[in-house]
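Q: Take these sequences, add in the hints, and give me the full structure.
The numbering of the sequence shown is the working numbering, which starts it at 1 and goes up by one.
Note that these hints are calculated values from the structure, not bench results.
The beta carbon of each residue, even a glycine, is placed where N, CA and C say it ideally should be.
Just to be clear, a hint being listed does not mean it is correct.
Claimed, not checked - Pairwise CB distance ranges, derived in the manner of DEER restraints:
id: 1; residue 1: N10; residue 2: Q71; range: 42 to 50 Å
id: 2; residue 1: A88; residue 2: S31; range: 18 to 26 Å
id: 3; residue 1: R106; residue 2: Q71; range: 18 to 26 Å
id: 4; residue 1: R20; residue 2: I65; range: 38 to 46 Å
id: 5; residue 1: S66; residue 2: R20; range: 42 to 50 Å
id: 6; residue 1: T69; residue 2: N10; range: 48 to 56 Å
id: 7; residue 1: T95; residue 2: F24; range: 24 to 32 Å
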Amino acid sequence: METLEDEIPNVDFSEAENIRPYQFEPLANTSETPRSATPDNDSSDVEDFQDRQVNTNWCECGICISMATQQECICCQEIAGISAEVEAGCHQCITESLIFTDNFLRSK
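A: Set out below in structure tokens:
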């Protein structure tokens with residue numbers, strides 16, 4: 001009868017010191033400053049967020065809804081890369097793009 005120790009394979013740990021965790025993680029982009037880190041936006045950001053929670057006047061595409069957090073209350077037209085994609089595809093909102101629906105809305 002085999003014991004549990006007999007079933008455990010022998011492992012060569014000689015290469016273990018060559019393992020470098022996070023070696024394939026993307027590096028942070030230091031050229032862009034997060035919206036919350038800009039120095040002059042303390043009180044105006046709070047007011048802007050409160051306005052965004054009570055209405056959607058800030059929405060440029062016409063499809064946005066107010067969300068629970070400040071990071072979620074943003075229109076696709078406020079993001080340069082996404083607004084360019086919307087214009088290229090002649091869409092009003094990124095959610096109307098086939099790229100968006102195929103990659104984010106369809107279950108696999």
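Q: Each hint should be assessed against the structure and marked as holding or not.
A: Hints versus structure:
1. In this structure, N10 and Q71 meet the distance hint of 42 to 50 Å, their C-beta atoms being roughly 49 Å apart.
2. For the pair A88 and S31, the supplied restraint of 18 to 26 Å holds, since their beta-carbon distance comes to about 24 Å.
3. About 24 Å separates the C-beta atoms of R106 and Q71, a value consistent with the hinted range of 18 to 26 Å.
4. Taken as a hint, the range 38 to 46 Å holds for the pair R20 and I65, whose Cβ atoms sit roughly 43 Å apart.
5. At roughly 44 Å, the beta carbons of S66 and R20 sit within the given window of 42 to 50 Å.
6. Taking the beta carbon of each, T69 and N10 are about 50 Å apart, inside 48 to 56 Å as hinted.
7. In this structure the supplied range 24 to 32 Å holds for T95 paired with F24, their Cβ-Cβ distance being about 31 Å.
Figure legend: structure checked against the earlier numbered hints; every hint is met.
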